[in-house]
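K.L.:
Respectively, the protein sequence lines represent chains A and B. If you read the first sequence in the working numbering, its first letter stands for residue 1, the second for the next number, and so on. If you read the second sequence in the working numbering, its first letter stands for residue 398, the second for the next number, and so on.
Keep in mind that the hints were calculated from the coordinates and are not lab data. Be careful, since some hints might not be right.
To be verified - Covered by chain A, according to a simulated footprint, are these stretches of chain B (three or more residues, beta-carbon under 8 Å):
1. 479-492
2. 505-516
3. 526-535
Where a beta carbon is used, it is the ideal one built from N, C-alpha and C, also for glycine.
Chain residues, written in single-letter form:
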Amino acid sequence: MSKNEVAILGAGMHPWGKWGRNFVEYGVVAIKAAIADAGIEWKDVDFVVGGDTMRNGYPGYVAGATFAKAMGWTGIPIASCYAACATGAQAIEIARTRILAGMAEVAVVVGADTTPKGFLAPAKGERALDPDWLRFRLLGATNPTYFGLYAQRRMDLYGATEQDFARIKVKNSKHGFTNPNARYRQIYTEAEVLASPLVAAPLRLFEICATSDGGAALVLCSMEYAKKKGIAKPVRIAAVSTVSPTFPNTTIDMPDFSTDSAAGIAAPDRSFKDSISWAAYQEAGIDPSDVDLAEVYDLSSALELDWYENIGLCKPGEAEGMLRSGATEIGGRVPVNPSGGLSCFGEAVPAQAIAQVCELTWQLRGTAGERQVAGAKVGITANQGLFGHGSSVLCTR
Amino acid sequence: MSTSKPKKRVAAVEGWIDVDPKNPRLVGYKDDASGTFFFPKDVAISRAPGFSDTPLREVRLSNRGKLWSYTTNHYKPPEPAISSDPFVPYTVAAVELTEERMVILGQLADGIDPTTMEVGQEMELTLATLYEDDENEYIVWKWKPVSA
């Protein structure tokens, strides 16, 4: 059992969409929902961590202050952080460690974003030293380019097919169909997915994650505080992983031109993506075979297959078989993305890793409604943030 | 105004490529103490942990490797990418250099049918013009199958 447990007292979200409003609004809706869910009041909160957004000017860079101010200053300490797609996990980790250190009792973690349409593009201006600018300039390497590379490699190495990739989308569309917080609530057929236009071959339009607006928040507290509130069996965070790569990192990662070289120093036994959830399992003393459900970052349909292997649900090369067997559908052995995943949400960067934990909270409480995974006791999230940010949260009940 | 004066070939990013069409090379760096290669040079020191005091030596990376993966983009990429008008799909290849044990991205050379490619096949470096102005042709590296 993990010695590092904190309780999840409340979870709340603002529905994902393309609402085009101020991101602060979404965050406040999510905080209010999480606080109401926790049965506390704003003045009970003694620490706030905000996940930053890079697309909403200065208030976005100091999200902790922005949200604390919007809810009404109460003089408490605050923090803001950014770790690209891993921002939410980083924010959770800051709150968790402060609670575990005894320096906070009940903390709010929140992230929200408003996003532009279309491809995520680098910041403007001529910036020959910025790899994120140069990859577009020299190679036209958009984000889907990297997803396409991973997908094609699975086809050539493991015999993945276009039908497999479409099947992921179909599965997640069924999962998210009844999720009130999901942006896309439409059940797709394999034929519809395969008829959508190619974006980065072999990946098609319906298989690539969109950018969304949305907000998510959690109320975390010490186990003692949960007990004091009369909650005998709260959902717990048993471990959080925010690991970084070990040199040499030999898998090409967005936004790089090249991997590290393994000519001098041998590559580590565990790849970066494998190490992310491994660190969480180690901390909690939980085995991947104990996992009842997972929320993973399906930036593309094919990427979900990589995650099955990266989080230890199966061995390398076995993900396609696992998918085809139905094991990762609700009702199967270990449902993956019961929320509908990014496939149904699109990505609201600083909110997404928090939203993953909101879903685990509801699933482990048994209150996820039509998408409930029966008897779920252990859930894990996984995601990877640009520039080497691991993100995995392991929850138990 | 037209001029017959040939344009000068320069690397699209200064110092990254030898633009001699007979021997195209990427300019890399090596930390001789750990034996690690780098491309491109992002800082002046070795990023191998424990070797940050080792100076980096400029080297020419080998121009051959094995195809790690590839993908064809069917949508016009956003700025600052440079794409043809009207837009034509382009392929990005990831190639693992055999000697340096590192994967480097590059576009696939024009005129190669990506559906004939296979992960693991031998690839080599070639050069192409990314864009030009009145004086210069700006050169970028691309990958092509060894047989082509």
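K.L.:
Would you mind marking each hint as holding or not holding in the structure?
P.N.:
Evaluation of the provided hints:
1. Counting residues of the stretch 479-492 of chain B whose C-beta sits closer than 8 Å to any C-beta of chain A gives 5, which meets the bar of three, so the coverage hint holds.
2. Evaluation of the coverage hint for the stretch 505-516 of chain B: fulfilled, as 3 residues show C-beta separations to chain A shorter than 8 Å, against a requirement of three.
3. Using a Cβ-Cβ cut-off of 8 Å, 1 residues of the stretch 526-535 of chain B lie near chain A, which falls short of the minimum of three, so the contact claim is violated.
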